[in-house]
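> Could you put the whole structure together from the sequences, leaning on the hints where they help?
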Amino acid sequence: MDATHLATLEHIKRAKYRYLRCVDLKRWDELADTLTPDATAEYGTPALGKTLSFTGRDEILDFLRNTLGGDAIVTTHSAGQPEIDIDGDTATGTWHFDDKVIAAEHHTVITGSAFYEDRYERGDDGTWRIAHTGYLRLYETTMSTKDIPSLTITTNPPAPTATH
Amino acid sequence: MDATHLATLEHIKRAKYRYLRCVDLKRWDELADTLTPDATAEYGTPALGKTLSFTGRDEILDFLRNTLGGDAIVTTHSAGQPEIDIDGDTATGTWHFDDKVIAAEHHTVITGSAFYEDRYERGDDGTWRIAHTGYLRLYETTMSTKDIPSLTITTNPPAPTATH
Amino acid sequence: MDATHLATLEHIKRAKYRYLRCVDLKRWDELADTLTPDATAEYGTPALGKTLSFTGRDEILDFLRNTLGGDAIVTTHSAGQPEIDIDGDTATGTWHFDDKVIAAEHHTVITGSAFYEDRYERGDDGTWRIAHTGYLRLYETTMSTKDIPSLTITTNPPAPTATH
Numbered sequence: 000m001d002a003t004h005l006a007t008l009e010h011i012k013r014a015k016y017r018y019l020r021c022v023d024l025k026r027w028d029e030l031a032d033t034l035t036p037d038a039t040a041e042y043g044t045p046a047l048g049k050t051l052s053f054t055g056r057d058e059i060l061d062f063l064r065n066t067l068g069g070d071a072i073v074t075t076h077s078a079g080q081p082e083i084d085i086d087g088d089t090a091t092g093t094w095h096f097d098d099k100v101i102a103a104e105h106h107t108v109i110t111g112s113a114f115y116e117d118r119y120e121r122g123d124d125g126t127w128r129i130a131h132t133g134y135l136r137l138y139e140t141t142m143s144t145k146d147i148p149s150l151t152i153t154t155n156p157p158a159p160t161a162t163h
Numbered sequence: 000m001d002a003t004h005l006a007t008l009e010h011i012k013r014a015k016y017r018y019l020r021c022v023d024l025k026r027w028d029e030l031a032d033t034l035t036p037d038a039t040a041e042y043g044t045p046a047l048g049k050t051l052s053f054t055g056r057d058e059i060l061d062f063l064r065n066t067l068g069g070d071a072i073v074t075t076h077s078a079g080q081p082e083i084d085i086d087g088d089t090a091t092g093t094w095h096f097d098d099k100v101i102a103a104e105h106h107t108v109i110t111g112s113a114f115y116e117d118r119y120e121r122g123d124d125g126t127w128r129i130a131h132t133g134y135l136r137l138y139e140t141t142m143s144t145k146d147i148p149s150l151t152i153t154t155n156p157p158a159p160t161a162t163h
Numbered sequence: 000m001d002a003t004h005l006a007t008l009e010h011i012k013r014a015k016y017r018y019l020r021c022v023d024l025k026r027w028d029e030l031a032d033t034l035t036p037d038a039t040a041e042y043g044t045p046a047l048g049k050t051l052s053f054t055g056r057d058e059i060l061d062f063l064r065n066t067l068g069g070d071a072i073v074t075t076h077s078a079g080q081p082e083i084d085i086d087g088d089t090a091t092g093t094w095h096f097d098d099k100v101i102a103a104e105h106h107t108v109i110t111g112s113a114f115y116e117d118r119y120e121r122g123d124d125g126t127w128r129i130a131h132t133g134y135l136r137l138y139e140t141t142m143s144t145k146d147i148p149s150l151t152i153t154t155n156p157p158a159p160t161a162t163h
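Residue numbers (numbering that gives the first Met the number 0), protein chains in the order written: chain A, 0 to 163; chain D, 0 to 163; chain G, 0 to 163.
Just so you know, these hints were derived from the structure itself, not from any lab.
It is possible that some hints are incorrect.
In silico DSS-like links for lysine-lysine, alpha-carbon gap of 25 Å or less [claimed, not checked]: (1) A:K145 / G:K99; (2) D:K145 / A:K145; (3) D:K145 / A:K99; (4) D:K145 / G:K145; (5) A:K99 / G:K99; (6) D:K99 / D:K49; (7) A:K99 / D:K99; (8) A:K99 / A:K49; (9) G:K145 / D:K99; (10) G:K99 / D:K99; (11) G:K145 / A:K99; (12) A:K49 / G:K99; (13) D:K145 / D:K99; (14) D:K99 / A:K145; (15) G:K99 / D:K145; (16) G:K49 / G:K99; (17) G:K145 / G:K99; (18) A:K145 / A:K99.
Next comes the structure, spelled out in structure tokens:
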């Protein structure tokens with residue numbers, strides 16, 4: 000594992016961190032550049048019902064914008080523990096993550112943990128992007144905030160409105 | 000801090016990430032190889048009573064299998080903020096982590112944060128393994144899910160049964 | 000991105016991890032050395048009211064000691080997903096983090112997620128320190144533990160008393 004290999008690990012992690020930050024901050028245009036044009040995604044969240052599969056950057060972005068784009072939903076993702084294996088211009092990565100979805104108006108909070116199973120590719124421009132993302136859930140809980148009458152939720156700043 | 004030092008940090012982190020993933024996914028055989036044969040562990044979780052100490056890889060694995068091996072318990076560990084100091088073929092590491100234990104049938108959820116205080120060793124085969132793991136709790140909470148009637152918990156996939 | 004650049008990233012991360020660990024373990028004297036003498040901080044936690052701004056290491060430490068120094072409050076911070084850009088002897092860093100504040104005697108738990116927006120500087124002694132820290136909240140919740148009668152909270156070890 001030489002300096003070039005270590006630098007590649009760093010570039011791949013940056014792509015993933017940027018993707019996660021853009022999801023939580025709803026920065027869809029910036030997020031687009033973290034995915035390959037033909038990227039695929041599988042979101043296996045029980046709260047959404049069956050596993051949802053998307054093919055192509057545009058389809059993934061449409062789903063994220065439509066599901067998370069409004070200011071009624073706050074998401075937070077914390078991912079770590081990367082186990083990344085590089086093979087030339089492609090790589091695989093496993094990450095643990097915790098996430099939370101807060102739909103305050105619907106009095107709903109979803110909390111979960113999972114392992115991402117990703118694939119990455121280096122493009123002709125030298126930039127690493129996510130070619131596939133999916134995850135294996137450890138658990139997921141859903142609850143109504145009405146069960147905790149004292150609970151107050153603030154978002155700061157308010158989530159922006161979707162910009163389709 | 001040259002490339003060799005940076006690569007060693009990466010190898011040690013990978014050992015830790017693999018250990019944590021194998022605990023949460025109950026992959027006991029794979030987990031065994033992340034520990035030195037004479038590894039020691041101290042789990043100071045208030046919910047388990049006094050600090051539990053184990054000597055030797057087999058004793059640690061027996062404890063983990065017996066305590067977490069069934070499909071009735073889900074655990075999730077997220078560790079980060081590594082402060083790793085290397086001294087030849089040994090190293091020490093401090094990590095912050097959050098963990099959660101869900102025993103849905105017993106209506107119990109345990110949540111906590113702590114700092115790992117680990118020791119690592121490089122074996123004759125060149126592989127870094129965990130020689131000691133222990134932690135210092137910041138807090139731990141235990142609660143019954145019956146206090147939140149709306150709470151639903153799903154695990155996906157269901158945890159495998161223990162394979163002693 | 001050569002080995003020197005990668006080593007600098009590592010040094011900056013270590014400064015941040017040390018700062019976070021010292022906050023949660025209330026090690027104020029050790030924390031002081033993670034900040035530049037003229038460091039600034041902006042803590043925009045809704046639970047504290049308006050954004051609180053501090054100028055200079057001493058002012059930041061006074062605030063942290065006074066707010067978190069007693070043994071009645073437990074904090075835990077988990078930060079990750081670092082996006083660090085280096086420009087000579089200065090650097091910027093964005094991090095995602097989750098935090099929790101438990102004031103058990105006041106039956107209060109505050110939970111939140113945010114993105115740190117930090118600035119770092121390398122001193123004449125070659126050590127990287129935090130020159131500015133601030134954050135952008137994704138959400139923050141406050142609740143009374145009285146709503147969950149079964150909840151038990153233990154801290155281990157007990158938080159030390161403040162040492163002003």
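> Work down the list of hints and note, for each, if the structure agrees.
Comparing the hints with the structure gives:
Restraint check for A:K145 and G:K99: the C-alpha separation of about 21 Å stays at or below 25 Å, so the hint holds. A hinted pair counts as satisfied when its Cα atoms are at most 25 Å apart, and D:K145 with A:K145 qualifies at roughly 14 Å. Taking the CA atoms of D:K145 and A:K99, the gap is near 21 Å; set against the 25 Å cutoff, the hint holds. About 14 Å separates the Cα atoms of D:K145 and G:K145, which keeps this hinted pair within 25 Å; it holds.
Taking the CA atoms of A:K99 and G:K99, the gap is about 14 Å. The hint holds against a cut of 25 Å. Straight-line distance between C-alpha atoms of D:K99 and D:K49 comes to about 19 Å, which keeps the hinted pair within the 25 Å bound. At most 25 Å may separate the alpha-carbon atoms for a hinted pair to count; A:K99 and D:K99 meet this at roughly 14 Å. The straight-line distance between the Cα atoms of A:K99 and A:K49 is roughly 19 Å, inside the 25 Å bound, and the hint therefore holds.
A hinted pair counts as satisfied when its Cα atoms are at most 25 Å apart, and G:K145 with D:K99 qualifies at roughly 21 Å. A threshold of 25 Å between alpha carbons decides the hint, and for G:K99 with D:K99 the separation of about 14 Å falls inside it, so the pair holds. Only pairs whose Cα atoms come within 25 Å are accepted, and G:K145 paired with A:K99 is accepted, the gap being roughly 23 Å. Restraint check for A:K49 and G:K99: the C-alpha separation of about 32 Å exceeds 25 Å, so the hint is violated.
Restraint check: the Cα-Cα separation between D:K145 and D:K99 comes to about 17 Å, which is no more than 25 Å; the hinted pair holds. Straight-line distance between C-alpha atoms of D:K99 and A:K145 comes to about 23 Å, which keeps the hinted pair within the 25 Å bound. A threshold of 25 Å between alpha carbons decides the hint, and for G:K99 with D:K145 the separation of about 23 Å falls inside it, so the pair holds. With a C-alpha separation of about 19 Å, the suggested pair G:K49 and G:K99 falls inside the 25 Å cut-off, and the hint holds.
With a CA separation close to 17 Å, the supplied pair G:K145 and G:K99 stays within the 25 Å bound. With a C-alpha separation of about 17 Å, the suggested pair A:K145 and A:K99 falls inside the 25 Å cut-off, and the hint holds.
Hint 12 alone, counting from the list given before, is not met by this structure.
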